[in-house]
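Please build the complex by placing chain B on the supplied structure of chain A, with the hints as guidance.
Chains as they are written, first to last, in numbering that gives the first Met the number 0: chain A, 0 to 573; chain B, 0 to 316.
Don't take every hint at face value.
Mimicking DSS-like on lysine-lysine, the simulated pairs with C-alpha atoms at most 30 Å apart in a straight line are [as the list claims (entries may be wrong)]: (1) Lys-278(B) / Lys-182(A); (2) Lys-54(B) / Lys-182(A); (3) Lys-561(A) / Lys-293(A); (4) Lys-561(A) / Lys-54(B); (5) Lys-275(A) / Lys-499(A); (6) Lys-561(A) / Lys-77(B); (7) Lys-275(A) / Lys-373(A); (8) Lys-275(A) / Lys-489(A); (9) Lys-278(B) / Lys-112(A); (10) Lys-41(B) / Lys-54(B); (11) Lys-489(A) / Lys-373(A); (12) Lys-293(A) / Lys-499(A); (13) Lys-221(B) / Lys-231(B); (14) Lys-77(B) / Lys-278(B); (15) Lys-301(A) / Lys-217(A); (16) Lys-246(A) / Lys-213(A); (17) Lys-278(B) / Lys-293(A); (18) Lys-561(A) / Lys-278(B); (19) Lys-208(A) / Lys-489(A); (20) Lys-54(B) / Lys-77(B); (21) Lys-561(A) / Lys-182(A); (22) Lys-231(B) / Lys-123(B); (23) Lys-68(B) / Lys-561(A); (24) Lys-278(B) / Lys-499(A); (25) Lys-163(A) / Lys-65(A); (26) Lys-213(A) / Lys-236(A); (27) Lys-68(B) / Lys-278(B).
Derived from the structure by calculation, the hints contain no laboratory data. Computed from a prediction, not measured in an experiment: that's the story for all the values here.
Below, each chain spelled out in residue letters.
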Amino acid sequence: MKKKLMAILLAGAMVALTACGGGKADDSSAPSTDAPANDSQEADTSNDAEDAAEGEAATSELVDGKFAETRHITVEVYDRGNDGGTDPTNNMYTEYIKKGMLEDHNVEVEFVKVPRWTEVEEVNNLLAAGTAPDICVTYSYPTILTYADMGGVLDLSGYVEDYKAELTNLWDWLGETNIYWDKDPVDGTIWAIEGKLAVNNRINTFVRKDWLDKLELKAPTTTEEFEAMLVAFEENKDTLLGADADKLIPYSVSYDVGWRAATLIESFIDPDITDKELYVNGYDDRKLTQNGTKEAVRLLNKWYNQGLLWDNFALYGSGDTTEDDMMKAGYVGAFTHNWDYPFRNGDDSINVNLQRNVGEDACYIAIDPFDDAKGTHTKYVSSTAGDRKIFFPITNDEPLACMLYLDWISDPEHIQYLQIGDEGVTHNVLDSGAIQTVAATGDPIMNSGMNIDYTITCNGLHLASEELTKLSQAYNYGGIDPDIVAEADKIAQTDAVPAKNVNVGAIEAEANIGDTLSAKRDQVYDNAVIAAEAEFDSTWDSLLADYMNSGGQAIMDERAEKWQATFGDTDMLP
Amino acid sequence: MAKAKTSKPAVKKKEVTRSYLKRYWQLYFLLALPLLYLLIFKYIPMVYIQIAFKKYSIVQNVWEMPWAKNHGFEYFIKAFGNNDFRRALRNTIGLNLLDLLIGFPAPIIFALILNELCFKRFKKVVQTVAYMPHFLSWVIIASLALQLFAPGEGLVNMVVERMGGTSIPFLNDPAHWIGTYIGMGVWQNFGWGSIVYLAAIAGINSELYEAASVDGAGRFRKMWHITLPGIKPTIVVLLIMNLGNILGSNFDRPFAFQNNLVMNVADVISTYVYRTGIKGLQFSLTTAVGLFQSVVGVIFLLGANWLSRKLGERGIW
Numbered sequence: 000m001k002k003k004l005m006a007i008l009l010a011g012a013m014v015a016l017t018a019c020g021g022g023k024a025d026d027s028s029a030p031s032t033d034a035p036a037n038d039s040q041e042a043d044t045s046n047d048a049e050d051a052a053e054g055e056a057a058t059s060e061l062v063d064g065k066f067a068e069t070r071h072i073t074v075e076v077y078d079r080g081n082d083g084g085t086d087p088t089n090n091m092y093t094e095y096i097k098k099g100m101l102e103d104h105n106v107e108v109e110f111v112k113v114p115r116w117t118e119v120e121e122v123n124n125l126l127a128a129g130t131a132p133d134i135c136v137t138y139s140y141p142t143i144l145t146y147a148d149m150g151g152v153l154d155l156s157g158y159v160e161d162y163k164a165e166l167t168n169l170w171d172w173l174g175e176t177n178i179y180w181d182k183d184p185v186d187g188t189i190w191a192i193e194g195k196l197a198v199n200n201r202i203n204t205f206v207r208k209d210w211l212d213k214l215e216l217k218a219p220t221t222t223e224e225f226e227a228m229l230v231a232f233e234e235n236k237d238t239l240l241g242a243d244a245d246k247l248i249p250y251s252v253s254y255d256v257g258w259r260a261a262t263l264i265e266s267f268i269d270p271d272i273t274d275k276e277l278y279v280n281g282y283d284d285r286k287l288t289q290n291g292t293k294e295a296v297r298l299l300n301k302w303y304n305q306g307l308l309w310d311n312f313a314l315y316g317s318g319d320t321t322e323d324d325m326m327k328a329g330y331v332g333a334f335t336h337n338w339d340y341p342f343r344n345g346d347d348s349i350n351v352n353l354q355r356n357v358g359e360d361a362c363y364i365a366i367d368p369f370d371d372a373k374g375t376h377t378k379y380v381s382s383t384a385g386d387r388k389i390f391f392p393i394t395n396d397e398p399l400a401c402m403l404y405l406d407w408i409s410d411p412e413h414i415q416y417l418q419i420g421d422e423g424v425t426h427n428v429l430d431s432g433a434i435q436t437v438a439a440t441g442d443p444i445m446n447s448g449m450n451i452d453y454t455i456t457c458n459g460l461h462l463a464s465e466e467l468t469k470l471s472q473a474y475n476y477g478g479i480d481p482d483i484v485a486e487a488d489k490i491a492q493t494d495a496v497p498a499k500n501v502n503v504g505a506i507e508a509e510a511n512i513g514d515t516l517s518a519k520r521d522q523v524y525d526n527a528v529i530a531a532e533a534e535f536d537s538t539w540d541s542l543l544a545d546y547m548n549s550g551g552q553a554i555m556d557e558r559a560e561k562w563q564a565t566f567g568d569t570d571m572l573p
Numbered sequence: 000m001a002k003a004k005t006s007k008p009a010v011k012k013k014e015v016t017r018s019y020l021k022r023y024w025q026l027y028f029l030l031a032l033p034l035l036y037l038l039i040f041k042y043i044p045m046v047y048i049q050i051a052f053k054k055y056s057i058v059q060n061v062w063e064m065p066w067a068k069n070h071g072f073e074y075f076i077k078a079f080g081n082n083d084f085r086r087a088l089r090n091t092i093g094l095n096l097l098d099l100l101i102g103f104p105a106p107i108i109f110a111l112i113l114n115e116l117c118f119k120r121f122k123k124v125v126q127t128v129a130y131m132p133h134f135l136s137w138v139i140i141a142s143l144a145l146q147l148f149a150p151g152e153g154l155v156n157m158v159v160e161r162m163g164g165t166s167i168p169f170l171n172d173p174a175h176w177i178g179t180y181i182g183m184g185v186w187q188n189f190g191w192g193s194i195v196y197l198a199a200i201a202g203i204n205s206e207l208y209e210a211a212s213v214d215g216a217g218r219f220r221k222m223w224h225i226t227l228p229g230i231k232p233t234i235v236v237l238l239i240m241n242l243g244n245i246l247g248s249n250f251d252r253p254f255a256f257q258n259n260l261v262m263n264v265a266d267v268i269s270t271y272v273y274r275t276g277i278k279g280l281q282f283s284l285t286t287a288v289g290l291f292q293s294v295v296g297v298i299f300l301l302g303a304n305w306l307s308r309k310l311g312e313r314g315i316w
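Okay, chain B solo, but in the shape it has when bound:
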């Protein structure tokens, strides 16, 4: 009896699904493409995560490699016992936090300022000029930095010295290096990063501004009470995505900037993995490090998302 009762709607549902699919199958067909991409380049390679728990050999199939010692956790133990790894971990978190602290608000402020400009043409020019660095690769930016900031022959230091000052060790003193590194990061990204915010600002209902003007609000009041709350969801989403990256690090930026004199603060996980893993042939160790990095990244992402929903925002899913 019960069966008959439930089977009827199921049939109906099936029919609905079928007609739905019949109608939209082309869209699903198109979706196959990105799905396939994800499967091949993002999911299948995950099979090789097991290298982190195995003793790597170049000649064996990943399934045939023997398990590492300590129930497969040999390389995790080794990594956390390794000074270089701990140093890289510290630097990654430190540099990323600084990036977040200084680099994250920069495009928001820039977007707010741009939004207040009344000369449309000037605004366009400023915007374009600010985007430009985004299209330069880090290798080029690092070479530029070398030409500008090197002690002795760098343009900036030459000016400083001619003015009677002493040359500033932008690239060869650890503390100064951090400043240069963060500064160049902000310079490269704030223009490009502001696009999203400008788009969000454009979406704010202009009646709100008119109403505020009628109530006698000035520019700063309007910025504070209308523009900022208006782009708050965007800010939160981007913040979550940035937090997910707190342990991630792109490779080319630190790699291009670092030199032997500042390795103590400049060596991050990605460059550590490159040096010990690819150059030093310790694939298991560095896969373990990479896995750890990803797991922490996911935890941060989930945590930030949870927090934002707790605070009444939408989160990213």
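One chain only, chain A, in its complex shape:
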């Protein structure tokens, strides 16, 4: 009898458990369809109301910029998963923000972490599940546009206008350029505002200075000289690496060829290219469809077949550290990357590691080797916009509190603290007054350089005073010689062409297609680089045709058409 009772009890408990589990499953699956629907209706009606009486609402809700009742908002933050890093949602910098927001606006802030290298997928999932943070950040505008088309994104145009008086820091820092960057020219909607790039440097090519010295080579200033240098590295590999000679890679490129050979590719584009051509052929941010790119890749293909590139480059995907590790171990002669790439990450930077592993004089310096048709070294850099985009999903029911957050995070004082931290801990003040960043460990460690993951409206050093910023720029990389940084900065700005805003309204062909096309883009680049030299043309042409047929051509056609409609026959922007 006892046994029987026990069995019944157990069975009952199990059923109860599954019922709970089922309930939970329902909770997580149902909101993806039901809850947002309700929210959207609410948001719709409140939007209408706000459009009419927003000004009044603002004054009645806020007293001295503070809410009467504590509000709660969630904010996306990238999780970079660095070694020895802190929890990106809970560390001394998040505490600083939380405390400040609570004191200044009576808003409680909660951070939600999203893995940096799969951010688009992750944000997609969160949006689809209706659990996206109130403030989302992404580099991908097409993603935002796709969700806006489905009615999943809040239109910010009303908020930035009506609360202008409350948002002085935001307006001062971003200005009309960044706030109106994505404004639709027809209906005036703003789905996202653009965070500002304080430094618009984009890419540099780096080379091992100690190798140049050892082989008595000059830093190359033309593409031919660069090629000769790569050959010299390969021929002298025994001198350079001794027993590890087989591991030497003269020029390292990753699977993302369009980025990791960008300076080379850009040097093959006509330096007198018109704004229209740059725009119409410019959907792909890796310049796949610009005229000239093919010839640049042909050169890479030649180098690959001569054994001057890394033969495994296409096998390692995004976020893999194998290539960085080879740089740190000292096997890589030259590479192209973000303008400050080997200086980033303080004590774990490539240059610091290189000195540790190879020797005091080992380091990467920036060079400017790729000359274009006019003999200049044109680099297509960003404007102040075109970096991170901030948007509010439709599930955001505290848009005002979120706008105040953006304002708070754009306050120069707050940016400065987040970027340089405490004196003596994360920075020192030099005799000249310049701020020198110190690589910290433990709690004050910054998971991202200068905490850019928290200063979402600002990317790049921006201290309260402009002079101080200039002075400190080169001291901003812990453990790195300031002269090297200053030189890299100078080279990144040489013949730089900032991007212009071509705002002709949304291009419908670009919606829903971004990831498919960028995956195809990488396939075109990678397969073309490794093709046998005789098969280069056919490989490139057939893969590019596939890219075009999969949506690339439709985008170009629509861009050309809308350019015509907006700017008429002129080829240059006004």
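Chain B only, in chain A's frame:
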């Protein structure tokens, strides 16, 4: 009149059912658990199949979404017009057929060989070692493959090069990649797959073997005429289940193995759905693809089952 005649047995039947239930209700109670699981995780989600026929929106209830064009078949038409989908379909069928052709007999052969071993301890060790890879995730196996087979730095290729050969593009040439992919699949699964067959072999009446020995049958004869026929029902059931999966594809194996150089042969339906659906936000399109995949899977399953019953085997139901 007729009523009275039929109602009597019905009452009796009811009584029987009641007493039966009274006796065994605890077992039925326990059955509720898996049934509930199936209902919640397998049946309720089927409501969302309709996304395949609707224009998806993240903010609308699935019932509120508007129907897609072409009587709801817009996305099916779009999928079959899409080169990438057709390529993924071709690769899925091709890779699965190869898997079946090479991967399916492997555990049977292995089980037969193991069964013939006379050193019990050696047999146990071999068995355990062969099971091991089954417990590794594909991500780990793919990383292992990269360390072993990469051109240049891969261990195998280093050996080949030191011996004076040229490096073999195991992972970066489409034809070689298929070989590596299938080979790793067999390696991971043949040990684990053989368990079922070994169990089936253990169930064969040993008198049959003795009788065969008396008749002068050798090892191969016994294998051919007793062991294989003895496990034939098991083979057929597993074959049917495998055929049901001909269009299915697990996600992690191709995803972990593929790279930009071999996408032409490596992109299968599951990775295509992930890329265009989840990363590319085309949920309706990929639901349509998924539905198509399932329908074809069911057709294959039913077909194989029908065929096996035609051939005199039991089938799975």
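Hint check:
{"no.": "1", "hint": "Lys-278(B) / Lys-182(A)", "verdict": "holds (25 Å)"}
{"no.": "2", "hint": "Lys-54(B) / Lys-182(A)", "verdict": "holds (26 Å)"}
{"no.": "3", "hint": "Lys-561(A) / Lys-293(A)", "verdict": "holds (26 Å)"}
{"no.": "4", "hint": "Lys-561(A) / Lys-54(B)", "verdict": "holds (26 Å)"}
{"no.": "5", "hint": "Lys-275(A) / Lys-499(A)", "verdict": "holds (11 Å)"}
{"no.": "6", "hint": "Lys-561(A) / Lys-77(B)", "verdict": "holds (26 Å)"}
{"no.": "7", "hint": "Lys-275(A) / Lys-373(A)", "verdict": "holds (20 Å)"}
{"no.": "8", "hint": "Lys-275(A) / Lys-489(A)", "verdict": "holds (28 Å)"}
{"no.": "9", "hint": "Lys-278(B) / Lys-112(A)", "verdict": "holds (19 Å)"}
{"no.": "10", "hint": "Lys-41(B) / Lys-54(B)", "verdict": "holds (23 Å)"}
{"no.": "11", "hint": "Lys-489(A) / Lys-373(A)", "verdict": "holds (20 Å)"}
{"no.": "12", "hint": "Lys-293(A) / Lys-499(A)", "verdict": "holds (24 Å)"}
{"no.": "13", "hint": "Lys-221(B) / Lys-231(B)", "verdict": "holds (14 Å)"}
{"no.": "14", "hint": "Lys-77(B) / Lys-278(B)", "verdict": "holds (18 Å)"}
{"no.": "15", "hint": "Lys-301(A) / Lys-217(A)", "verdict": "holds (23 Å)"}
{"no.": "16", "hint": "Lys-246(A) / Lys-213(A)", "verdict": "holds (18 Å)"}
{"no.": "17", "hint": "Lys-278(B) / Lys-293(A)", "verdict": "holds (28 Å)"}
{"no.": "18", "hint": "Lys-561(A) / Lys-278(B)", "verdict": "holds (27 Å)"}
{"no.": "19", "hint": "Lys-208(A) / Lys-489(A)", "verdict": "holds (17 Å)"}
{"no.": "20", "hint": "Lys-54(B) / Lys-77(B)", "verdict": "holds (13 Å)"}
{"no.": "21", "hint": "Lys-561(A) / Lys-182(A)", "verdict": "holds (16 Å)"}
{"no.": "22", "hint": "Lys-231(B) / Lys-123(B)", "verdict": "holds (24 Å)"}
{"no.": "23", "hint": "Lys-68(B) / Lys-561(A)", "verdict": "holds (26 Å)"}
{"no.": "24", "hint": "Lys-278(B) / Lys-499(A)", "verdict": "holds (28 Å)"}
{"no.": "25", "hint": "Lys-163(A) / Lys-65(A)", "verdict": "holds (16 Å)"}
{"no.": "26", "hint": "Lys-213(A) / Lys-236(A)", "verdict": "holds (11 Å)"}
{"no.": "27", "hint": "Lys-68(B) / Lys-278(B)", "verdict": "holds (23 Å)"}
Going down the numbered hints, you'll see the structure goes against none, and every one checks out.
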